[in-house]
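J.: Quick mapping for you: the protein sequence lines, in order, are chains X and V. One point on numbering: in my numbering, the residue at position 128 of the first sequence is 128, and numbering is uninterrupted. One point on numbering: in my numbering, the residue at position 432 of the second sequence is 1432, and numbering is uninterrupted.
Treat the hints with caution; some may be incorrect.
[Stated by the list, open to error] Result set (BS3-like, lysine-lysine): computed pairs, CA atoms no more than 27 Å apart in a straight line:
{"no.": "1", "chain 1": "V", "residue 1": "K1364", "chain 2": "X", "residue 2": "K5"}
{"no.": "2", "chain 1": "X", "residue 1": "K126", "chain 2": "V", "residue 2": "K1408"}
{"no.": "3", "chain 1": "V", "residue 1": "K1402", "chain 2": "X", "residue 2": "K408"}
{"no.": "4", "chain 1": "V", "residue 1": "K1003", "chain 2": "X", "residue 2": "K3"}
{"no.": "5", "chain 1": "X", "residue 1": "K5", "chain 2": "V", "residue 2": "K1005"}
{"no.": "6", "chain 1": "X", "residue 1": "K249", "chain 2": "V", "residue 2": "K1005"}
{"no.": "7", "chain 1": "X", "residue 1": "K249", "chain 2": "V", "residue 2": "K1402"}
{"no.": "8", "chain 1": "X", "residue 1": "K5", "chain 2": "V", "residue 2": "K1077"}
{"no.": "9", "chain 1": "X", "residue 1": "K38", "chain 2": "X", "residue 2": "K354"}
{"no.": "10", "chain 1": "X", "residue 1": "K126", "chain 2": "V", "residue 2": "K1005"}
{"no.": "11", "chain 1": "V", "residue 1": "K1077", "chain 2": "X", "residue 2": "K249"}
{"no.": "12", "chain 1": "X", "residue 1": "K77", "chain 2": "V", "residue 2": "K1408"}
{"no.": "13", "chain 1": "V", "residue 1": "K1402", "chain 2": "X", "residue 2": "K5"}
{"no.": "14", "chain 1": "V", "residue 1": "K1003", "chain 2": "X", "residue 2": "K77"}
{"no.": "15", "chain 1": "V", "residue 1": "K1077", "chain 2": "X", "residue 2": "K3"}
{"no.": "16", "chain 1": "X", "residue 1": "K3", "chain 2": "V", "residue 2": "K1249"}
{"no.": "17", "chain 1": "V", "residue 1": "K1249", "chain 2": "X", "residue 2": "K249"}
{"no.": "18", "chain 1": "V", "residue 1": "K1077", "chain 2": "X", "residue 2": "K77"}
{"no.": "19", "chain 1": "V", "residue 1": "K1005", "chain 2": "X", "residue 2": "K77"}
{"no.": "20", "chain 1": "V", "residue 1": "K1402", "chain 2": "V", "residue 2": "K1364"}
{"no.": "21", "chain 1": "X", "residue 1": "K77", "chain 2": "V", "residue 2": "K1249"}
Rather than coming from a laboratory, the hints here were simulated on the basis of the structure.
There are 2 protein chains.
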Amino acid sequence: MSKQKRYFLTEQEIPTEWYNIQADMVNKPLPPLNPATKKPLSPEDLYPIFAEELSRQELNQVDPWIHIPEPVRDMYKYYRSTPLVRAYGLEEAIGTPAHIYFKNESVSPVGSHKLNSAIAQAYYNKMQGVTNITTETGAGQWGAALSYAAKVFGLECAVYQVKISYNQKPYRRSIMQTFGATVEASPSMSTRAGKDIITRDPMNQGSLGTAISEAIELAMNTPNCKYTLGSVLSHVTLHQTIIGLEAEKQMEMAGEYPDIVIACFGGGSNFGGISFPFMRHNIKDGKHTRFIAAEPSSCPKLTRGQFQYDFGDEAGYTPLLPMFTLGHNFMPANIHAGGLRYHGAGVIVSQLLKDGMMEAMDIKQLESFDAGVLFARAEGIIPAPESCHAIAATIREANRCKETGEEKVILFNLSGHGLIDMTAYDQYLAGNLQNYEVTDEDVSSNLSQIEKII
Amino acid sequence: MSKQKRYFLTEQEIPTEWYNIQADMVNKPLPPLNPATKKPLSPEDLYPIFAEELSRQELNQVDPWIHIPEPVRDMYKYYRSTPLVRAYGLEEAIGTPAHIYFKNESVSPVGSHKLNSAIAQAYYNKMQGVTNITTETGAGQWGAALSYAAKVFGLECAVYQVKISYNQKPYRRSIMQTFGATVEASPSMSTRAGKDIITRDPMNQGSLGTAISEAIELAMNTPNCKYTLGSVLSHVTLHQTIIGLEAEKQMEMAGEYPDIVIACFGGGSNFGGISFPFMRHNIKDGKHTRFIAAEPSSCPKLTRGQFQYDFGDEAGYTPLLPMFTLGHNFMPANIHAGGLRYHGAGVIVSQLLKDGMMEAMDIKQLESFDAGVLFARAEGIIPAPESCHAIAATIREANRCKETGEEKVILFNLSGHGLIDMTAYDQYLAGNLQNYEVTDEDVSSNLSQIEKII
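Make a model of the complete structure from these sequences and hints.
T.: Written out as structure tokens, the structure reads:
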């Protein structure tokens, strides 16, 4: 009799609440600060930029469960539950006794997990009477998700896409435009923040930090317009916990519980999304699952960054956030995993890493694509360059099990597919990709150039 | 209470047999003929080109149910059942009282329905001891599917991709290479058939007919190598009936039965795949479902072609097939729906059309993309240019229901997603796409240039 490969929930079983780990954390994240006064922010301080409900979610350290509004859960049903898949093909290719599972978020209509928060953010903005939303995007996965979510709720949407990705991944721009959004390459000449950078450095290829500055600036200068963010912030991670909450039920259907949970790491929402529902059992029920964030060696905020207050964007428009950072002026190398090219980590993850509740692993670009191609040939799904980092970390752990003979249960999040990133695979197969590394000295030198804020 | 949107089967409920409509047809398809002797072919005559079991399936007019081998069904479980989706968003966008459902084959790892037959064909070849397989591909969906299926069963795979698609859709080439296949643009200089065409017409952009000739020639000249085909043939359509058989169970879960079933039409396997399981109830149980094949106006074999014996490929390597054809020398316009650029229709569909068991509708390129963008904005999924034809036909029928007030149940097959076809959407959004039409005179003139074979 053949073994079951995929596990689904019925529409009724889809979770009705998101999990807010802040309420259960022993050491709460430090508060974001107003850069002018250095005073802790209240939700009201965020209202000029974000929808009110999202501002409240951002700073909520009290309620562990947040109700998912019915129209949001209703939209989830078009693609959720996403499958939990037992990766028999990958296990065989590695020759490991480990049991490898992945949560396949690539089956969402826009091809990644980003839609989970995009729908929620578009909904809360719409409910408040907002008519226009702005955002930044790296590889374009968040931008594509928000463009579609905006269309669903009848909002206008403007996206600043990091220039290197705008040029490397033209298909994602077309996808956003097909969904009806306006897309500009960042840095652009349409904002002060963009103009400043282009003036200093005309060949600047952009970064998420810069694109965020531009999107915030547009939101602040446009009537009835709010800004939205695709990762980093606590409310984004909150929405992504739908991944881990589903996975928890699905692992139960498979009769297993993960020893290790792995996700790639850009700002932290996909990592937190799959990890936090399981981490609550480490906090409350004495479980000992390991949580591994896989980040690129070229942008190693968790493995080489410093924990300090810093801005979330290049121009310094955001509140000051207590986080592991490479400095908001950090300009990452032009790796293909555009979604991981961000200088800082969300405040929740930063606190958890400081407290030893999780680990971080840095992965070089070539190792990430070695892993991605192995996975593609074993499982038939071409992973996003971002997700390749999670697969590389999974393979490292599975190889360790091969050495020790341990049948560990490893769960990773396949955050998206790589069908729009085939130029990256082309270059990899042609031997034209290279590794980029950032040393501790690079980081110290970079951080010394920014004003020590607090 | 919110209405259910998607219907799935459990792994146990996935069909265990394919449906062979040939056994139930009142008028059987005429036999394929040996071009030299003009005698009807036996399965043995096909063995030099195809795996033996596939050759037997091709000509089987006796058994209505063919057992799906366990290793094939086991691979199906990685992505099947595919969801049956109620398209509430599209219904609302049209304002129709019709109930629109689609079978979402785009969720397969390679992004289309093609994997259903690729897995079966690779398996039967492997079982017979074949080591290398060849094929042709248009847009690249079949080539991508076969490349992955070959990797699963440890076969070498060589693909001839129609030159226009090779250049328009470079990402699909990369996908095939990522799965480990060799890809050549067709016409190529590596075969006599390719060289002949390039000599006559150096700028020739290729067609499925030419690519088939090249792949067959390579298979015939390579030891332990067989040819495989992604559509047209009866055994390919047989494997695709998994779509309709699943849909039948899923429609039952939704408490409905289709009044109209629609699919786009290239060679017929996706159309037959979703239609034939329902058509058996027209044949045997007095149902009156309409079946509509949506083909491009630029390649209208069903609506303007003639029923006669013709070759399946440009060079004349295949048996003579009794089919609706534009002539095997027909060179279709360079539309983006590369998978529909084929001169003929499979023998089963040709007989059914002749017998009035189904209808055909021709769709112009601009109407197909109008429909695709409407669907993308309403449902979040960007459809393949081929699938846009099915959506356009669906919208026509749904508009008719809007006029009459009828709550008809329409089911269409979303054969694949269009994420690799974004250049086509780019050109559409920029107003740079055009319509191509073929007149009855064009067809007569074209058919008069080929020898009347029988």
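J.: Which hint numbers doesn't this structure obey?
T.: 1, 2, 3, 4, 7 and 13
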